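Q: Sequence:
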Amino acid sequence: DGWQEVIGKQKKITIPHEQYSRIIGRSGSNLNVLREVTGASIDVENKKAIGDKTILI
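Going by UniProt numbering, the first residue of the sequence shown is number 1, and it counts up by one from there.
It is worth saying that the hints were derived from the structure and are not from the lab. Be aware that one or more of the hints could be misleading.
Dumping the calculated DSSO-like pairs for lysine-lysine here, alpha-carbon to alpha-carbon at most 27 Å [said to hold, decoys possible]: (1) K11 / K48; (2) K53 / K11; (3) K12 / K47; (4) K48 / K12; (5) K9 / K48; (6) K12 / K53; (7) K53 / K9; (8) K47 / K9; (9) K47 / K11.
Here are the simulated distance ranges between beta carbons [as the list claims (entries may be wrong)]: (10) G2 / R26: 36 to 46 Å; (11) S27 / I50: 38 to 48 Å; (12) S27 / G2: 16 to 26 Å; (13) Q19 / S41: 15 to 25 Å.
As the structure is a computational prediction, the values presented were derived from the model and not from experiment. For glycine and all other residues, C-beta sits at the position ideal for the given N, C-alpha and C.
Sequences and hints are given; from them, build the entire structure.
A: Here it is as structure tokens:
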């Protein structure tokens, strides 16, 4: 039938405020590379929050 079952897994990672810009990259460039290379969905849950950020992969 051409369909393949996909089992989704998620991982939450907390990024310290001091490391956030270094990990995310300018305008999200590092995250975009990770998305392209891995095909993973990567979302920053609390973009506008002050302090630590949570990334959902």
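Q: Taking the hints in turn, state whether each one holds.
A: Now for the hints, and whether the structure bears them out:
no., hint, result
1, K11 / K48, "20 Å, holds"
2, K53 / K11, "14 Å, holds"
3, K12 / K47, "14 Å, holds"
4, K48 / K12, "17 Å, holds"
5, K9 / K48, "25 Å, holds"
6, K12 / K53, "10 Å, holds"
7, K53 / K9, "20 Å, holds"
8, K47 / K9, "22 Å, holds"
9, K47 / K11, "17 Å, holds"
10, G2 / R26: 36 to 46 Å, "40 Å, holds"
11, S27 / I50: 38 to 48 Å, "20 Å, violated"
12, S27 / G2: 16 to 26 Å, "37 Å, violated"
13, Q19 / S41: 15 to 25 Å, "21 Å, holds"
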